[in-house]
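J.: Working from the sequences, and respecting the hints, build out all of it.
Chains as they are written, first to last, in the numbering used here: chain A, 1 to 333; chain B, 1 to 320; chain C, 1 to 285.
It is possible that part of the hints are untrue.
As the list claims (entries may be wrong) - Below 30 Å or equal to it, Euclidean Cα-Cα: the simulated DSS-like pairs (lysine-lysine) are: (1) C:LYS19 with A:LYS146; (2) A:LYS83 with C:LYS19; (3) A:LYS127 with C:LYS19.
Stated by the list, open to error - Chain C is nowhere near these chain B residues, computed Cβ spacing over 10 Å in every case: (4) TRP22; (5) PRO49; (6) ALA158; (7) VAL191; (8) LEU296.
These aren't lab readings, by the way, just hints derived from the structure by calculation.
Treat the numbers as computed from the prediction; the structure is a model and nothing was measured.
Here a beta-carbon is modelled for each residue, glycine too, at the ideal position from N, C-alpha and C.
If you want the building blocks of each chain, they are given just below.
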Amino acid sequence: MESNSNAIETSPIPQSRSSQSLVSLSHVTRFYGTVIGVNDLTFDLPIGAYGLVGPNGAGKSTLIGLLTGALSPSIGSLRVLGKNPRTEPSVLHRVGLCPATDILLPNVSGYDWIVQQICMTGISIRKSRSLTDRALEAVGMTADCKRPIGTYSLGMRQRCKIAQAIAHEPDLLILDEPFNGLDPIGRHEMSDLLRRWAGEGRSVLLASHVLHEVEGITDAFLLIFGGRLLAIGTAGELRGMLAELPREVIVEGPDMPQLAERLVSQAWIDFVKLSEDRTLLRIAAREPIDLYQSLSRWVIEDGLRVTRLHGADGDLASLFRILVSRHRGQMKW
Amino acid sequence: MAILDLGYREWRGDRTSRATRWPVVASSSISLVWRAFWLRRLMIFAMLPTGIILLLFFLYEQGLEYRELRQPVAAFLRGTMQNDQLSRLVIEDPATVRHEVWSLMLYWFFRYPQGVLSVIVVGMTGPRLVSYDLRSRAYLLYLSRPLTPLEYLIGKMAVLWFLLALITTVPAMLVYFAGLLLSPNLNAFLVTWDLPFRILGVTAVTVIPLSAVCICYSSLTSESRFATFAWFATWILGWVSYAILTSGFLMRGRNSRFEIESLNRWRLVSPYHILDFIQSWIFGLRNFSGEMAVALALVSGVTILSIFVAHRRIASTLRK
Amino acid sequence: MVANGVASQSVRQYSSLAKCLFFGTLGVFRFELRRSLLPTRLIGWLFLAAFPAILLGITYLQIDEVARKDLRPNDLNFGFSLAMFLLIPQVVTVLGLMLWATPIVNAELEAQSWIYSVVRPVGKISTVLGKYLVAVLWTSSAGIAAATASVGFTLVDDRVQLWWTMVRLVVLATITYGALYVLIGTLFQKRSMVVAFLYTLIIEVALSYVPASLNKFTVGFRLKSLMAIWQDLRLDAVLGDSNFFVDTSAQWHHYLALAAYALILLGVGIGRVWFGEYPLQPEAS
Chain A
1 MESNSNAIET SPIPQSRSSQ SLVSLSHVTR FYGTVIGVND LTFDLPIGAY
51 GLVGPNGAGK STLIGLLTGA LSPSIGSLRV LGKNPRTEPS VLHRVGLCPA
101 TDILLPNVSG YDWIVQQICM TGISIRKSRS LTDRALEAVG MTADCKRPIG
151 TYSLGMRQRC KIAQAIAHEP DLLILDEPFN GLDPIGRHEM SDLLRRWAGE
201 GRSVLLASHV LHEVEGITDA FLLIFGGRLL AIGTAGELRG MLAELPREVI
251 VEGPDMPQLA ERLVSQAWID FVKLSEDRTL LRIAAREPID LYQSLSRWVI
301 EDGLRVTRLH GADGDLASLF RILVSRHRGQ MKW
Chain B
1 MAILDLGYRE WRGDRTSRAT RWPVVASSSI SLVWRAFWLR RLMIFAMLPT
51 GIILLLFFLY EQGLEYRELR QPVAAFLRGT MQNDQLSRLV IEDPATVRHE
101 VWSLMLYWFF RYPQGVLSVI VVGMTGPRLV SYDLRSRAYL LYLSRPLTPL
151 EYLIGKMAVL WFLLALITTV PAMLVYFAGL LLSPNLNAFL VTWDLPFRIL
201 GVTAVTVIPL SAVCICYSSL TSESRFATFA WFATWILGWV SYAILTSGFL
251 MRGRNSRFEI ESLNRWRLVS PYHILDFIQS WIFGLRNFSG EMAVALALVS
301 GVTILSIFVA HRRIASTLRK
Chain C
1 MVANGVASQS VRQYSSLAKC LFFGTLGVFR FELRRSLLPT RLIGWLFLAA
51 FPAILLGITY LQIDEVARKD LRPNDLNFGF SLAMFLLIPQ VVTVLGLMLW
101 ATPIVNAELE AQSWIYSVVR PVGKISTVLG KYLVAVLWTS SAGIAAATAS
151 VGFTLVDDRV QLWWTMVRLV VLATITYGAL YVLIGTLFQK RSMVVAFLYT
201 LIIEVALSYV PASLNKFTVG FRLKSLMAIW QDLRLDAVLG DSNFFVDTSA
251 QWHHYLALAA YALILLGVGI GRVWFGEYPL QPEAS
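T.: Here you go:
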């Protein structure tokens, strides 16, 4: 994998993945008037399954628009499965997209709509029908597929969207927030379907703002925020990165004043703050690994009672914040 | 408190009065439609005919002092309005026909340029007002507040009232007051004091039916293009029907009773011509007649029916 | 050898895209045709088909015996041909196409389904062509039905001739106006119907009565000229110098002009969707 000149962290994707290029971006920037959708993206992904993770408005949908040829880059170039989707549209035969937007075609049946979609990939109507049947069965929509879409629940519409994306058996399946509107059982079934898909050696790019949903399907992530790629790597690597980063930790228990005394003399401590009731200690450490090792030692040596220990900023948003801070030079590596 | 009460707690604070609720719907919708680039340009374009009418007022008033300026106004009355008698009087003794001339010029303003522009402005904005809410289910956001479907509809209609008033009533009033200021003395007010009320009357008979019908179309579909189509089809078909049924092409040069009789009778099939008929009465250019009563009843009936249908449609979506 | 390999790869690619275009257009056509048969749309079709017949029927009943005896055959031929022309190849086709061809992109954007066409190899072109064909079929069938229902209410000597004239004009009008409205729909996707209405009002209606050379570039001019030729209308007696309003010199000029209009307008419309981009997210109303 090529290194991203702007990404803060790039980690190798597991070796088991094929070396054939799935998507390759070179300094891709997309403007919407004066607004930047994505900013100077450079990366190269081999065949495999990836989660594209970022909060709402991070630029995920713009990136997907660029990869599917719906949008053209304002600056830079990109290739999907070795081809430019704008100038060599035949590559779109091998791509399936399930966008985030809802379908609003109230009076037509999901079945007819999917058959039409499959015909557009150059497949005859008869073959499209059989592919549609198979895709609808895969997403559990066979029973209701002849009803008008207007009578579907949000989850059923979501299944239809996925069925049209997988029916022509693409090599690359791109899904933008596919779990939206699905109930817990639907989410479980969808995860199973996508795991099977990825397990068959086909590629998936799954965009979501919920990390754990993506984790169930793939362990490779692209973190995107503010139109920029912040990091690429596996979940373990990202967590490792988080553990190594300067961070805040909250410790709770009755012996917090004693713990505070221990901490203030350490060189890797930025600040220690004791709550008014003296049972909660907020610690900012530049070397978190040292903090965790020292804490466990002091608990044993001094018999300190700790009832709870948790990160003040352990979620994905905090990881983004930390990565952005590092990227801006506000925080050292 | 029972946990079930949490989502259904009664509001205990002060509420604004009912009369101030629909303007909230209107103002939020106006701010949304006003973002449209084309609408803002069209509204500016729609102001241009005001310049023509203002020039005519200026020429008429100055023509009282300078005889050579009477000619353009006389030509306008003779050519565009086909009123030879008034044209002659403007040349001979213009001061005696001030009320008639001002009325006729304001009537022209409402009927020709602003009449067509009103149809376009409403066609551009109205069809999306309710249909988009139905499509996106935004009406539930409105109606989960203490707002009745009728208040919601009035709020939506008020968007069209605002836009239409901006291109018809406001310029007409400005032209009227400019006419007073352009006249040699303020005696003009004593002769024409009723015209602002007539302008308001014409506005009401134009704006209320137009907005009611358009909102009705908009409420019947969640796909705004069908409402847009229905809106323009209403005017096109009405116009064409009137043109065909009243045209003399079939009896060119012949003395058929059909040609004369049908002219008046078939006005009722065309919204444009029926509104024109009522407007000319309000401006005092036509006497009240049985046919006028039928026209007024028809316009009122269509307006009430449109509001009723739109109300039923919105109320029924709440029951689903 | 390498050059041959590249050439054969290109041929394969183009044949694959041609297949996509064919089956895609067929798929869209089939899908949209089914949608056009929904009850509400059939009511619209019936209304458009019946509207001219109703108007001409009323006119027919209004003309009393005295007037019928007074009217000369040429007056009747002129009057009814013009009325049929105004009502069917102009009003019915324009309204039908405003409903079907003008919102060609807007309907997809409103339904949030445009993105699905965009990510198919030539899905955007298939969508435009498929919808255009349905617009032409739906509208021309309404126009032909209208001509069939109306012709009985005319007082011309040769009703079959008038019907055949109208059928040909309807087909030509839908093909050409359809391409025009498709172009308007692709250029102004948000307010396409308003623009189409304004264009028709200003260029095709108002301008057609102006004795100017520009008049000759309108679709209406070509259609009127063909009607004058096919119905043998002597317009000079009515219009004075009719050269600005019709050109009865040769039919093939008009066929050529209409074909060129349709191809150019449709081509530009397809070019617009192929090279252009539309917003993927709907905007607030």
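J.: Now look at each hint and say whether the structure bears it out.
T.: Evaluated hints:
1. C:LYS19 with A:LYS146: The hint holds at about 27 Å.
2. A:LYS83 with C:LYS19: With a Cα-Cα distance of about 19 Å, the restraint between A:LYS83 and C:LYS19 holds, given a limit of 30 Å.
3. A:LYS127 with C:LYS19: Given that 30 Å is the threshold and the Cα spacing comes to 14 Å, the pair holds.
4. TRP22: holds, 18 Å
5. PRO49: holds, 15 Å
6. ALA158: holds, 16 Å
7. VAL191: holds, 37 Å
8. LEU296: At roughly 24 Å from the nearest Cβ of chain C, B:LEU296 sits farther out than 10 Å, so the non-interface label holds.
This entry satisfies every hint, going by the numbered hints stated previously.
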